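Colleague: So the chains spell out like this:
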Amino acid sequence: MANFGNLSLLLAFSVTVYAILALFLGWRTQRRELAKSGEYAVYASCFFVTLSAIALFHLFATSNFNVEYVARYSNRDLPMSYKLAAFWGGQQGSLLFWTWVLTIFAAIVTFQSRRRRSDLVTVALGIISITTLFFLLLNNFLENPFGRLGILHEGNQQPMPFAPSDGRGLNPLLQHPIMVIHPPVLFLGYVGFVVPAAFALAALVTRELGNAWVTLIRRWALLAWGFLGIGIILGARWAYVELGWGGYWAWDPVENASFMPWLTGTAFLHSAIIQEKKNMLKVWNVVLIIATYLLCIFGTFLTRSGIVSSVHAFAESEVGVYFIAFIALTGVASIILIFVRLDYLKSESSFDSIVSREASFMFNNLVFLGACFAVFWGTMYPVFSEAIQGEKITIGPPFFNKIYVPLGLFILFLTGVAPLLAWRKTSFKSLNKNFFWPLALSIVAAIVLFFAGVRQIAPLVAFFLAIFVTLTILIEFFRGVGARMRAHGESVANALFNLVAKNKRRYGGYIVHFGIVLLFIGFSGAAFNQEAQGELGEGDSITIGDYTLVCEKLEEKDTPNYYLVEAALAVSKNGKPVTMLYPQKRVYKASEQSTSEVAMRSTLREDLYTVFAGLSQESGKAVIQLYINPLVSWLWLGGTIMGLGTIICILPDAGTTRSVRGRKALDRLLTSDEKM
Amino acid sequence: MRRKNLRVVFGVIVVVVAMGYFGFAGFQEGKAYYKTIEELNEMGEKAYGKRIKVAGIVTEGTIVREGKNLHFRLEQNELGLSCVYTGSAPVPDTFKDGVEAVCEGNYREDGSFEAKKIQAKCASKYQSKYGTAQATGH
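Taken in order, these protein sequences are the chains called P and U.
Under numbering that gives the first Met the number 0, read the first sequence as residues 0 to 675, first letter to last.
Under numbering that gives the first Met the number 0, read the second sequence as residues 0 to 137, first letter to last.
What the hints contain is simulated information worked out from the structure, not anything from laboratory work.
Be a bit skeptical, because a hint or two may be false.
One-sided and incomplete, this derived list gives chain U residues near chain P with beta-carbon spacing under 10 Å [to be verified]:
| no. | residue |
| --- | --- |
| 1 | Phe9 |
| 2 | Val15 |
| 3 | Ala17 |
| 4 | Met18 |
| 5 | Gly25 |
| 6 | Gly29 |
| 7 | Tyr32 |
| 8 | Ile36 |
| 9 | Tyr47 |
| 10 | Gly48 |
| 11 | Val63 |
| 12 | Glu65 |
| 13 | Asn68 |
| 14 | Arg72 |
| 15 | Thr93 |
Please read all numbers here as calculations on a predicted model, not as lab measurements.
Even for Gly, the Cβ is constructed at its ideal location relative to N, Cα and C.
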């Protein structure tokens with residue numbers, strides 16, 4: 000099976016080389032058959048990479064420990080779902096997964112445009128294939144997951160095949176249901192941005208710099224952005240329930256790596272609207288989407304290379320050099336292309352007023368880019384300071400928090416205001432009509448909150464803005480529903496459904512914004528966190544906030560995969576019993592590593608979060624760490640709603656006639672571009 | 000440039016300056032010097048009062064819990080540093096004998112290190128090459 004996987008990878012490499020040659024030559028010489036054969040090669044490369052992925056899954060499922068990668072990340076007693084998830088438990092497998100997703104996306108793009116004859120698509124596929132080739136290079140020759148173990152006996156030239164009796168086991172921290180889906184979802188996001196960026200580059204190469212490429216990749220960009228966002232939130236959720244330090248985000252380089260392309264991607268999604276509607280910001284959009292693509296590669300590089308130390312980065316390795324070379328080459332090529340094509344990228348209009356939709360979108364972009372730059376700076380500063388000053392200086396969470404609190408609040412403000420401003424210039428009358436009631440009501444709410452005890456400035460402003468933005472969104476829905484009910488005589492439910500279904504982009508966007516509001520409510524809760532620690536034997540109790548916890552039992556147990564110690568804690572709130580919590584300390588047998596299993600009681604108001612930190616050496620009692628984390632549930636809720644809104648934005652327009660019309664309009668755009 | 004564009008530019012400048020200010024303030028608050036044990040010994044007095052990060056391998060058998068504090072010793076290239084952890088968060092699961100740990104805190108005048116934060120890298124076996132040990136033996 001390992002040989003089979005290896006062979007498939009080599010074949011994939013060969014057909015990808017052919018695909019690149021055929022696609023670019025086919026485009027240069029305008030020989031359609033040649034380009035077409037390149038497209039078939041794209042399918043073939045997807046086929047072969049899929050075969051090697053199946054081979055690796057099979058090796059894990061059958062516990063073939065002769066393969067080094069399997070021996071390192073799996074063991075016999077590991078549950079099957081984790082054996083399969085061990086596919087992306089280490090470096091080589093994750094890189095193969097990247098390639099796999101990329102070739103699948105390339106095949107989908109090919110399939111979508113199978114009937115469309117267009118230079119733009121041909122060149123875009125060529126550019127995607129170049130990225131595929133880079134990753135296949137790593138898969139085949141540097142980070143091959145099918146490498147085998149062997150023993151070299153003295154006197155023998157050939158090592159003898161060797162399979163240990165059991166594997167070393169998957170890192171216990173990765174043995175969590177979220178870890179089965181978090182990496183794939185994140186990768187779908189990372190890889191997804193390759194497609195829109197390839198179209199942007201192709202537009203530069205072929206001079207088709209109208210709005211066709213923006214229209215073509217809108218869904219791809221949204222899809223990638225949605226996956227990336229959900230992936231990040233799943234990662235936060237995993238850190239929260241598995242790592243046991245009471246938080247969900249630590250500004251760790253690995254987290255930052257996924258956050259940066261999300262920020263630039265968000266900026267792109269907004270400024271692309273301006274290009275579609277107003278023919279402005281063309282250079283800017285190309286720059287943004289290419290930057291997002293490079294940041295995706297950079298993020299993969301950060302987690303793989305060990306250049307900045309992180310708690311959950313993978314092994315240090317030599318692939319870093321190749322990543323840097325690839326990023327540098329692509330970056331320089333893009334910059335040159337943009338300069339060469341600058342004449343084609345002229346804006347057709349300019350700003351009229353600071354109180355306009357255009358200007359507010361520009362502020363949105365500015366803030367998202369600034370936010371991205373801050374993360375980049377903070378993450379890479381140790382590297383820069385060492386290179387320039389010879390002194391390694393790291394920047395901790397206070398840096399990020401100082402910048403992100405005001406920046407986040409400004410973003411939240413824009414979320415509410417920008418969608419309701421008029422294009423060009425907004426009159427005072429329209430400002431008054433859209434914002435009077437939301438503003439008045441949220442000021443009242445803020446005053447009430449102030450007297451209810453919310454005295455810290457940042458959360459108070461956050462709650463005020465959250466209410467303000469929610470009200471502006473609600474009013475938009477009410478107006479839309481009301482108008483439909485009057486015009487079409489529909490019931491409330493029907494009117495709401497039709498309103499969203501007929502204007503998916505607009506109302507899907509509002510739903511995403513509402514998800515953002517919920518996220519901010521979740522973030523603000525952190526201002527009111529409480530914590531306590533105590534040593535508990537059976538019968539001992541500890542108090543935090545309104546809660547009292549009594550330790551009823553300390554118990555040791557044995558399972559095939561791990562040993563555990565468990566504390567049974569009876570929780571009561573204001574004297575009334577509410578629930579039992581069972582935090583555990585586990586020691587995994589294969590890896591001899593211990594983990595703390597968090598137990599918590601989660602409500603919309605707050606989470607009571609308990610950690611079994613260890614057994615005290617002197618007393619033999621359990622060291623229990625307690626946290627009260629208000630409003631954290633709102634994060635998961637907000638993430639879900641964002642995902643929902645994104646899906647609504649992506650859904651195809653209703654009715655075939657309309658989509659046929661859409662396709663015709665797009666074909667017109669494509670052909671008119673070719674004449675530019 | 001027209002006056003309306005000027006107003007937009009002014010807005011941009013305000014945002015950029017504000018970000019720069021918050022960034023600078025946060026930088027002062029969040030920066031920490033990443034030092035090896037050797038560099039720390041060389042710095043001597045200059046190290047007092049600065050936020051320092053120091054990395055090393057936890058010496059076998061030196062982890063002792065004393066009330067809320069945790070005493071241990073870090074080792075790097077045969078140099079040692081005795082440390083005490085006084086932070087409130089639980090020590091990470093991966094922190095144990097023989098792992099590489101990064102401590103953040105202050106270098107004290109008695110030559111010991113007070114750690115307010117500990118990060119431990121995953122047990123080194125995840126990073127070691129599995130095959131190399133066997134490949135040369137027998």
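Colleague: Determine for every hint whether it applies to the structure shown.
Modeller: Here is how each hint holds up against the structure:
{"no.": "1", "hint": "Phe9", "in the structure": "8 Å, holds"}
{"no.": "2", "hint": "Val15", "in the structure": "7 Å, holds"}
{"no.": "3", "hint": "Ala17", "in the structure": "7 Å, holds"}
{"no.": "4", "hint": "Met18", "in the structure": "5 Å, holds"}
{"no.": "5", "hint": "Gly25", "in the structure": "3 Å, holds"}
{"no.": "6", "hint": "Gly29", "in the structure": "4 Å, holds"}
{"no.": "7", "hint": "Tyr32", "in the structure": "6 Å, holds"}
{"no.": "8", "hint": "Ile36", "in the structure": "14 Å, violated"}
{"no.": "9", "hint": "Tyr47", "in the structure": "17 Å, violated"}
{"no.": "10", "hint": "Gly48", "in the structure": "15 Å, violated"}
{"no.": "11", "hint": "Val63", "in the structure": "7 Å, holds"}
{"no.": "12", "hint": "Glu65", "in the structure": "9 Å, holds"}
{"no.": "13", "hint": "Asn68", "in the structure": "12 Å, violated"}
{"no.": "14", "hint": "Arg72", "in the structure": "17 Å, violated"}
{"no.": "15", "hint": "Thr93", "in the structure": "7 Å, holds"}
Going down the numbered hints, you'll see the structure goes against 8, 9, 10, 13 and 14, while the others check out.
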